[in-house]
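With chain F's structure known, arrange chains Y and C on it following the hints.
Residue numbers (numbering that gives the first Met the number 0), protein chains in the order written: chain F, 0 to 284; chain Y, 0 to 805; chain C, 0 to 157.
Certain hints may be false.
[As the list claims (entries may be wrong)] Rough simulated footprint, nothing fancy, chain Y against chain C, three-plus residues with beta-carbon under 8 Å: (1) 20-30; (2) 74-86; (3) 111-120; (4) 128-140; (5) 145-153.
If you are wondering where the hints come from, they were derived from the structure by calculation, not from laboratory data.
For glycine and all other residues, C-beta sits at the position ideal for the given N, C-alpha and C.
Here is what each chain is made of, one letter per residue.
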Amino acid sequence: MFDYIRAKSIDEAVALLNDPHCVSRPLAGGTDVLVQVRHGPPSFQRLVDISRVPEMKIIEQRGDEIYIGAAVTYTEIIESRLLQETATCLVEASRLVGGPAIANAGTLGGNVANAAACADGTPPLVCLDAVAHIRSLNGWRAAPVAELITGPHQTALHRGELITHFTFPILPSSARSVFLKLGRRNAQAIARLNVAAAGGLGADGRINFARVVPGSTLSHLRRFVEVETLLIGEAPSTELCETAGAEAGRVMVEATGRRWSTEYKEIALHGLVACALRRVFHLEN
Amino acid sequence: MSHFTQPTEYVGRPARRVDALDKVMGRAKYIADYRVPGMLHARCLRSTLPHARIVRLDVTPALKVPGVRAVITSEDFVDHGLYGFPVKDKYMLAYQKVRYVGEPIAAVAADTPQAALAGVQAIVCELEPLPALFDAERALDPDAPQVGPDRTDGRHPNLKSDHMLVCKGDAESELADCPIVLDRRYFTDWQEHAYIEPEGVLAIPTPEGGILVYAPNQSPFINQGNLAMTLGLPHNLVRVIQPTVGGSFGGKDDIIYESSAQVAKLALITGRPVRMVFSREESLVASYKRDAMHMHIRLGADRDGTLRACWFRGILDSGAYASETPFTAWRASIHAMGAYRYKACDVDVYCVYTNNGYAGAFRGFGNPEVCFAVEQTVDELADMLGIDPIDLRLKNCLRLGDETAHGQKLTESMGLVECLTTVRRISDWDRKRAEYSRQTDTDKRRGIGVAIMYHGMSLGAEGADYAGATIAVLPDYSVDLTSGLTDYGTGSRTVFTLIAAEELGVRPERIRIQRPDTNTAIESGPTVASRTTVLGGNAMRAAARNLRQTLDLAAADLLRCDPQQLIRVGEAYVGPDEEAVAWEKIVDHAREMGLILSAHGKWEAPKIVWDHHHGRGTPYMAYVYGAQVAEVEVNMRTGSTQVLHIWAVHDIGKVIFPQGAYGQLYGGITQGLGYALIEQISYRNGYIQETNFESYLIPTSVDVPEITAQFVESAYSYGPYGAKNIAEPSLVPTAPAIANAIAHATGRRVRELPMNLERVLLGHDLQPPASTKPAQIALSIAPRSMPQPAGQSVVRHAAATNGRRS
Amino acid sequence: MLIQLTVNGETIAVEAPPDITLLDLLRDYLNLTGTKEGCAVGECGACSVIMDGRLVNSCLVLAPQADGSEIVTIEGIHAPDGGPNDLQQNFIDYGAVQCGICIPGMIMAGEALLMHNPHPTRQEIRMALAGNLCRCTGYQQIVDAIEATAKQRQGEMG
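With the rest of the complex left out, here is chain F (with noise of 0.2 Å):
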């Protein structure tokens, strides 16, 4: 049993979710929270409904960044024209994370705060270089998205914080971002492996700007700097996305050893990636 309200405000939801007479947990699209409960008992009192704080649905840009709320739905997402425009990698993970209903109820800001390893929107908050923006009791804080998730299901969120929203830099005029999804089937599943990755070439046609961001592969979200590293400066070739899938699997497996997945996922990681450097630098047929 457990108990419900709906904060109006930020600063509501703050001070709901500090009371210290009631563990509370914010409640956004309720995707994994409701789930969750089914599982066993909750390991709180009341939950704190955060989905339509006016402040935290807010996708908009400011000066050269872009601000998404926290309370943002995957619907909004795919539906916003300056993200499609500025966030291709997001709006795509966003139309495969699950079906319509998923879509219109799951919230960014619950994807990252839940951090599931599988998770389809946290990838490319990290690829976007995104900083979640955390308000508290003591007033704001941010942390990188790649800083805050910590592990599978870990954060380095405090009790009583609460995401507000995410901002990011607009991504050089030259550069491109794709997100690809690997499943059991074609919707409604759990990423198998995912990836995002950006990508950009300078005026000497060679890659300046590169990010690789593997999903359902490491503990610990993050970029791939070492394949990003073996993008730098080179000119964009089907040979070097394939190289640098390679080396994406090798990262994985150095970081991870050998699990019972790794057989498979080294080869996968590698195709995987090696497929989206080819989307972002325009080399499929």
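Just chains Y and C, lined up with the frame of chain F:
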């Protein structure tokens, strides 16, 4: 065969499903939608160990839980609730031992679902683990842990059913003489029915001391028999009604009978209605599955592709209880060599006990398993000899006049060649086959593959094969039908309606078919084996003809002529004076004459003989045939397989309800596609790993391609209007067609199902560490909501507004 | 707690625990059993309803979350005379129904699609149904029915 070449008015013409309106409006009531005053809620305590002795079972603490009204164990049933057909080996609640995770041990009835769970948790149940058996291939080892019941005939207790044989000639020496012999092993994994409606049963005690059970089972009369036997009641105090059923596919037999007995006993003890509804998690853990099967096939041929011999061995893992798997094993044996001619054939299938859940009936019933093996082996032979796979099949497949491997002469209704040639044409096979054979090394490769099947109609040598039906004209001139065979979504109620309309010469709108009810319908054997259209349809046809005779007599009397002189114009009767008389007038006149306007019909399948000891004879009265082609695209980097299109051409005899027949075919193909690529039930150390639809994946709308389907109507003289059947055969060839397409695309054979990402990419499966957690969570799901008692309004209308048009 | 919402055009107030789902509220408290429970974890879509113009899995909406919302369930989909509307009639006419347990959810998904995209392609229709599992039909006749409805509604709009 003149009797079915006559034009029909309703049969085979566009028609709508009789229950579709209620379903699209959301009005159809399934068990979970029933509310009865005073209804209690039941829940089972289930085993969390795969094999254990029940050393202590004390239900008294549960009885002290507030709201708990009754708790039962095996002690509450006659003979501890022992039931099962064809093997009596399962108890309505576990007796002395549990043999699979999820097996019910005790059942609690309480005022609320929450109290029922509290009651379950209060039961003291001590289980002493026993050595468990998970490897079907080791089940008959002398030192294998004993799972099956004790035997007195000296044979291994884990042997569930005797060898299922098909024998023709001397296969060993024929194989030794063949220039080409393929020796291959295959494995097909467990499959969950995944009906979207989880199991549920409602039992209501009757004033006479009997019980009324609403059960979404396939075969209400079997349920009635089990209830009478285990509750110790006469049959006439046990009534079973089948409400609307939310899908079954073979899956709502034993598990529903078991739940029925539990709630019926609880209702009899408490004197109150009792309902049990499973969560999806409980459904996945507790319910039976399609068996897993280990297969070894040796196929011998000449260099020109002529098949000569087939040797087949199958081990069917039936898990902890027999359910219907001895029959599954038999059907598997009959179909193991595929729809081909051989000089010699040696098939042996046996069925063993393990502690992996339990297996039972599932659409296709052994044939999807063996078809996966034989159709890939035949395909591989074609590849090896450089012969087009369809050409090789046309060269060897059964034709009219051939004798099957069992010794059955095929004398009619044989459309297999037409299925193959049609599917070749509509799929543009030859062009695609050539084009995809020339693919250069790209990341995504396409392939096209074919598989054929045959499927014995109805029960065959499994047992007595008959059905009955009733028909009556009611006072308002509507026509009322009953059938002992049921409709769990298949469309058979519509088939019966169309047949009755055809025979009686009245519009289908006039006809209503009752929900199956053991009090009103005639016992007709089980609703399985795709037998409903032929058996139930013929029975309905007989009933309607009987009633028609009565009405014709009345019409002849009224119109003062011989019945032979009567003509029908629409519903009306026309006599020699050429004046049309309304059907209602004829009915009135029949009543004035004192005639009884109701009739029965019965139909029995033609007698067949099967010699189990020598594996020879006539296993089925006739067969349906089909050929499917699948076109796939395989991502060579990830193993991901997209099915781009499926073409299916099936010989099902005369199509009675076209829309329904196509629906059966599309749906069966979709289940076959899931079976082929994504559906995987993993029993790991006896613990199921997939306990809801986030882990047990079935195809979604974007996994299924557009399907092009066509029927070959090769009339069967014993079928109603020449009809055969479609439900099961639809899915049988899908997985091997996809497998053959994958092999065409990749050059590699996947010999295990499902052909998941890992198997397609690596050639073998990878399994995560086994976990007992999913099953444990599944059995402890706590309901939060409390169904409100019927008739109690909890709603306050804030403001009434007009209903909105949507 | 008291939950006030509009269901199928009717404004109602209902006293219910705060920790139940919208699905429970509809079925157990409002006796609207046309909305089905198939998995209770948002995977099957049998519980689909339209909430404030969007398709949702009512099993993943907490009942009080619907406070102030406008909900449409299968009971709210019908022609003005109470019979089947065009989409429902097409489900009947195209043979889209077998066991029927997924059908209320399918119809809600179809209506939600046509609200937002009146001219869907067959692939768009399939994507709109991707969260609604059907085990009987193979989806083909369901796609046919929605496609036909879209075309008919376009025709009506001229």
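Checked hints:
Remark: the segment 20-30 of chain C is confirmed as covered by chain Y, as 8 of its residues place a Cβ nearer than 8 Å to a Cβ of that chain, reaching the required three. Given as covered by chain Y, the segment 74-86 of chain C passes the check, having 8 residues with a CB less than 8 Å from a CB of that chain where 3 are the minimum. Coverage of a stretch by a chain is defined here by at least three residues with a beta carbon nearer than 8 Å to that chain's beta carbons; for the segment 111-120 of chain C and chain Y the count is 0, and the condition is violated. By the rule of at least three residues with a Cβ nearer than 8 Å to a Cβ of chain Y, the coverage given for the segment 128-140 of chain C holds, with 13 such residues.
Under a criterion of three residues with beta carbons nearer than 8 Å to beta carbons of chain Y, the stated coverage of the segment 145-153 of chain C fails, only 0 such residues being counted.
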